[in-house]
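Chemist: Sequence:
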Amino acid sequence: MNKLASHNVTSSKVKHKIIQEFHSEADLIVNENTMNLNKIVQATIDTVQAQLEQQFGVDSSKDKKTSGKLSIIYS
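Residue numbers (my numbering): 35 to 109.
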């Protein structure tokens, strides 16, 4: 194998390895950002739920079947 062909093979392997490492790190960042976003969304849902319960005098804790959704149970 000549030097140029050897260099191209090595260069391709290095590029492939760099791309794999980049994607792995990018996946971790995306996963962390997704988890943070999920926490923000859940906190927002909880806050809105509490405000609705306070405003309408309703306790939705009786119905846990609709977790993640705003549910109002009229007493």
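Hints are computed from structural coordinates only; laboratory data are not their basis.
Be aware that one or more of the hints could be misleading.
What the hints assert, rightly or not - Computed beta-carbon distance windows for the label pairs: (1) Glu-87 / Ile-53: 49 to 57 Å; (2) Gln-76 / Lys-51: 50 to 58 Å; (3) Phe-90 / Gln-54: 37 to 45 Å; (4) His-50 / Val-92: 38 to 46 Å; (5) Asn-67 / Lys-47: 39 to 47 Å; (6) Val-75 / Glu-55: 47 to 55 Å; (7) Gly-91 / Asp-61: 42 to 50 Å; (8) Gly-91 / Leu-62: 53 to 61 Å; (9) Glu-59 / Glu-87: 36 to 44 Å.
Since this is a predicted model, take the numbers as computed values, not measurements.
For glycine and all other residues, C-beta sits at the position ideal for the given N, C-alpha and C.
Chemist: For each hint, tell me whether it holds in the structure or not.
Modeler: Against the structure, the hints:
At roughly 50 Å, the beta-carbon separation of Glu-87 and Ile-53 lies within the given 49 to 57 Å, and the hint holds. For Gln-76 paired with Lys-51, a C-beta distance near 38 Å fails the hint of 50 to 58 Å. The supplied range of 37 to 45 Å is broken by Phe-90 and Gln-54, whose beta-carbon atoms lie about 53 Å from each other. A C-beta distance of roughly 58 Å is found between His-50 and Val-92, which places it outside the suggested range of 38 to 46 Å.
The hinted range of 39 to 47 Å is not satisfied by Asn-67 and Lys-47, whose Cβ atoms lie roughly 31 Å apart. In this structure the hint that Val-75 and Glu-55 lie 47 to 55 Å apart at CB is violated, the actual value being about 31 Å. Distance hint for Gly-91 and Asp-61: a CB-CB separation of about 46 Å, consistent with the stated range 42 to 50 Å. A beta carbon spacing of about 45 Å between Gly-91 and Leu-62 contradicts the range 53 to 61 Å that was offered as a hint.
Between Glu-59 and Glu-87 the beta carbon distance is about 42 Å. The supplied range of 36 to 44 Å therefore holds.
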